[in-house]
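Q: Listed here are the chains, written in short residue letters.
Number of protein chains: 4
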Amino acid sequence: MPSPARVAVAGVGNNVSALAQGIRYYADLGAQGVPEHAFPGVRRPRIGGLAVHDVDLVAAYDVQPEKVGRDLADAIFQAPNNYPRLDVEVPRGVVVEPGIATEEEAREGIGRITESLRASAAEVFLYSLPTGMQWAASAYAEAALAAGAAFVNCTPETVGRDQEMLGRYVSAGAPLLGDDLASHFGTSILHRAILALFAERGITLESSYQLNLGGNEDFRNLRERGSSKRESKLNALAQEGVPLDKVDVVPSAGYVPLLHDNKVAYVNVEGVGWAATPVSLDLKLRVQDSSNAAGVIIDLVRIAAAARRTGDKGFITAAAALLKSPPGGHSVYTGQEIFASFHALARTGTA
Amino acid sequence: MPSPARVAVAGVGNNVSALAQGIRYYADLGAQGVPEHAFPGVRRPRIGGLAVHDVDLVAAYDVQPEKVGRDLADAIFQAPNNYPRLDVEVPRGVVVEPGIATEEEAREGIGRITESLRASAAEVFLYSLPTGMQWAASAYAEAALAAGAAFVNCTPETVGRDQEMLGRYVSAGAPLLGDDLASHFGTSILHRAILALFAERGITLESSYQLNLGGNEDFRNLRERGSSKRESKLNALAQEGVPLDKVDVVPSAGYVPLLHDNKVAYVNVEGVGWAATPVSLDLKLRVQDSSNAAGVIIDLVRIAAAARRTGDKGFITAAAALLKSPPGGHSVYTGQEIFASFHALARTGTA
Amino acid sequence: MPSPARVAVAGVGNNVSALAQGIRYYADLGAQGVPEHAFPGVRRPRIGGLAVHDVDLVAAYDVQPEKVGRDLADAIFQAPNNYPRLDVEVPRGVVVEPGIATEEEAREGIGRITESLRASAAEVFLYSLPTGMQWAASAYAEAALAAGAAFVNCTPETVGRDQEMLGRYVSAGAPLLGDDLASHFGTSILHRAILALFAERGITLESSYQLNLGGNEDFRNLRERGSSKRESKLNALAQEGVPLDKVDVVPSAGYVPLLHDNKVAYVNVEGVGWAATPVSLDLKLRVQDSSNAAGVIIDLVRIAAAARRTGDKGFITAAAALLKSPPGGHSVYTGQEIFASFHALARTGTA
Amino acid sequence: MPSPARVAVAGVGNNVSALAQGIRYYADLGAQGVPEHAFPGVRRPRIGGLAVHDVDLVAAYDVQPEKVGRDLADAIFQAPNNYPRLDVEVPRGVVVEPGIATEEEAREGIGRITESLRASAAEVFLYSLPTGMQWAASAYAEAALAAGAAFVNCTPETVGRDQEMLGRYVSAGAPLLGDDLASHFGTSILHRAILALFAERGITLESSYQLNLGGNEDFRNLRERGSSKRESKLNALAQEGVPLDKVDVVPSAGYVPLLHDNKVAYVNVEGVGWAATPVSLDLKLRVQDSSNAAGVIIDLVRIAAAARRTGDKGFITAAAALLKSPPGGHSVYTGQEIFASFHALARTGTA
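Chains as they are written, first to last, in the numbering used here: chain A, 1 to 351; chain B, 1 to 351; chain C, 1 to 351; chain D, 1 to 351.
Please note that the accuracy of each hint is not assured.
Identical copies go unnamed one by one, so any copy, or any two together, can satisfy a pair.
Claimed, not checked - Calculated pairs, DSSO-like style, for lysine-lysine (alpha carbon to alpha carbon, straight line, at most 27 Å): (1) Lys313 x Lys246; (2) Lys284 x Lys313; (3) Lys229 x Lys313; (4) Lys324 x Lys246; (5) Lys229 x Lys284; (6) Lys246 x Lys284; (7) Lys324 x Lys229.
In case anyone wonders, no lab produced these hints; they're calculated from the structure.
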């Protein structure tokens, strides 16, 4: 049995709340004798020998005054965090340390964070700050590199697909997984599956739209910078051969605080079948937004930890489908290679 | 360019209305210069060289007094038919002849229909009566056999999967395609795709249901004998590995005459993701029910005509995915074989 | 402060589970200092001085072997009951007694139940058996009459609108409230409100349907005898001036056990506005079915108890809007009279 | 029979397209012998004796180069207008004249428009420009005043509720109806009706949101200045006693050009009933957005014309419920006064 993965986190937001509570939730299930393959909502019971609850959070960094200095078990419930409080006990003992607050203090900050990572013996450093701070992503990646930890970048900032940075991680012998978390069960994947079904059956697409709304900080931010997100979502559909003149996407149709950390999506698809008679589909999807993230993070951190233990370095192919922008794009990784990569980690884990 | 397929129909219901009008609709599009690959709602522009409008209805049989003796172009609009009237001119000249009214008169009827099929030079005989009359399906299949026509069975009655009957068609050198029409874009295929996506992403299914309602005769009938239909729909889901204790299907939740020939389906899927937090999906699908049938019939009659012309006999593999119960079940036909079968027909058609 | 109403129940189904647990839920809220006007889901905090938790269940009758002989606090959770288990402690001490099992034993049963009602000092006898047993409703009403208790009939059986029975209750000086429970928040009231809005705004109704489905015994039964229920629901709409040729109702579109005690309704309304352009509305409503009943029962039993205490007898006008078939129909009771009736009870309660 | 109302329009957008085509649609129905009370989508067949098709558009002003100089019958179909083309013939003969293009040329423009209004003998001047140009609303109101025409302001700009302007119309003896068109069948009225039903039945509101999206210019504009619209929609709900901490409104959740002139709204309402068990409602409403405007404009222009003919001046009470901001707010007009005002116009019309 491998020892738990030691993970440090930059950014104590909803994703980390979902991660920390979820790990505990599954640990409790395991303690009650529920077999791992029956854990609800888990895609891969084991990666590199690590179960979903074989992850310890060993250090945490944030800049919000309400979070810094608090035990992580309390900090995850500080506003604006609004992931629900599950019926679990998150272990105490990790105090949130001050993160790097501004670009100006990045240089000095990198040193401080590197020390801390070493002191906590973190194997993996998870970067999960709000989107839009390239300097912060770069700075934390430097710290991980200096400390010899693997790095996982949940955001669209350029880290894992930066060839130079990737080269430095390879040289240092550490894994670097990025960029941009795919969703565990997102609107795009569902929208795409339905559009593919229309195409496959010969139903001609007339028009389609997708709306997303939610009540957490992501949606507050998105409302402002929705247009780049819209492009990226449309691009994802275009790769599947969807005619973009027939489809529209509204990444943040609304920041609705009453929804808390839930995400609601509405999708409409209008087409025509035989004799141009209509085929009309409307759906509503509701998910816990940060669970959607944590359900993928749990795979990335296990891949990162397992790879580091076996000496794999740079990008690990197993992570390709779990990220929106892996180095080189999705087309350079075949399903077979991804499968083989998971398999390689698995063999190691049980050794 | 091959000559149009000559098709006779048993049962002048909504499906034949959709078929007759749709053929005309596409013929008009073609005449306006719209290229076939741009025809809306068409899955396969050509089969065996035949376009969707390369089909002539040359004979028709029914037992309703309002339909018998009328020109097919009028009969398709007689109640209880309620497929919409499209803006097309269905060619006149085929008068609906009396079908076989009762099991008692089947023997005599077979002779009469055989004569008529020969007189009309029908290549394909399409059986599209209301579900539940095994004797009628068998009688019409006898007539087709005697007349040397291919037979297409749209209903769940046992014809194509009856080994003895199939053997007789093979001996006679005629194609026999059955049983039970698959839908062009049905609720089950959509439901299945979504459940598959849940499974593939590791979302644990908690419960799911599917309701179907409509206003045509099928739904009036289904309301009574819904339980066998429910079994068959659940079986279809079970084949995909869906846990049946988590899924329910109501084939006719309601016969709602106001819906006319539209079918409405409601699907709900509840699952849990990371940390057992909920994933909830609701959808409504609305389709023109008989277009859903005609969009598949058009492929079956072209397969049947093309196969008969090239001397192929018995079951034609190309039809396997277009039927709910092909001989031997779906598992005996691989995608590659189906593809090859279409390909063989195509080569012939353009010869 | 009046003493709690003493209520006996015939039938230990979901409604009684909802009632018993709900009373406890509100008692706990009150004990935590939540003011009564802030109790969630309560329409009238006090009736005749009685709060929603001023109701004691003092006797219970059923014929199911799994329920008879058990403490009511356990019996309410026996299958096929499937109302959820709330986080409350239902008080123990009332053992379910055998009810009247067949019409044959009604005479003898009435005597036995009368005794029991007297022994328990029940003020109100609540009749809440499955729909369709007129003989049982009549027998239990006889028992209540003999015991001098008020009677509340939740079912469509004819009791309260039977002039002779009503006269006997008047003679005996006891209240008789029936028949047929209205819903706390039902599909019909919502459907009606939307159709009224269409009419009021000059949107011409084209078509509309309403589907109801659920997973409790009511829906299992309804699926069979849905047509009479359909009539009664359509009649309710007709009274509001809705053109019935444009509306359809499916009372039990499906018995879906996975839904447990939840009821789901789908409503579609299609109309046209200016220049006959379309107005289209789709809605889904989901409620806890038996809470919908208990939320009205709690008012009826308080009305019955308060009226009995003040010597009011026969039908009590305050109950008119809480029943689908009050004596004489709804049109004989004005809003003002209903208001005055509540007011009269209220004055008494605080005396 | 009164002569048709003579109406000039400022702004040839979708609303005027809907108005012009709809008038023709109903004129055709009338010519086919359909009685006025059976006209679909019409709330008031006659106002002041005027039928919905007793309205002639006699002059039109716009600044878009594609519209100016064109016959109104063609100009209504110029982009960005995207109201559907109905199967009617809009009468030709009115050429769109240049409107007032900028605030600088307002003074000179007023004179020119006044002349034109007089020349066309317009009785009513309908102001229907995009929202946000106070100067234009004021300038056109000056022109109407100078020409002695009644003025109808469809926009939220301050005209009708400007006491000074209202006084000048009273002095001049002309009606002035404003400000801000209510919807024929809008999301707010529906949302409000459902929230009222929840409150009336004692269902405690937990949270609710309303999203609106569409594909016309209004939605393109709204996406930018949505926050003021949000305030006004929330205020409307607050007036009904809805607790605003439980409700959110997104006026333009998305500008989705594929929707053309259709508006789609999604409403979610979550509450709790008995024992705090959930009541959950989701709805989708789809309407032709500009029909929603034209269905109210048709009443306003008839009120304005009828009132002018009878010498009524200033604000006409009959219009109070058709506007979002009548002078003094809605609370100063009782239903009885509004009814009496319609009645007074009606008497006149038939004289």
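Q: All hints are to be evaluated individually against the structure, with a verdict given for each.
A: Evaluated hints:
1. For the identical chains of this complex, Lys313 and Lys246 are neighbours neither inside a copy (42 Å) nor across copies (43 Å), given an alpha-carbon limit of 27 Å.
2. Taking the shortest alpha-carbon separations for Lys284 and Lys313, neither the intra-copy value of 41 Å nor the inter-copy value of 47 Å comes in at or below 27 Å.
3. Taking CA atoms no more than 27 Å apart as the test, Lys229 paired with Lys313 passes in neither setting, with 30 Å inside one copy and 53 Å between copies.
4. Taking CA atoms no more than 27 Å apart as the test, Lys324 paired with Lys246 passes inside one copy only; the shortest distance there is 23 Å, against 32 Å between copies.
5. Taking CA atoms no more than 27 Å apart as the test, Lys229 paired with Lys284 passes in both settings, with 20 Å inside one copy and 25 Å between copies.
6. In the homo-oligomer, the alpha carbons of Lys246 and Lys284 lie at most 27 Å apart both inside one protomer (20 Å) and across protomers (20 Å), since each shortest distance falls under that limit.
7. Only within a single protomer do Lys324 and Lys229 lie at most 27 Å apart by alpha-carbon distance; the minimum there is 12 Å, versus 36 Å between protomers.
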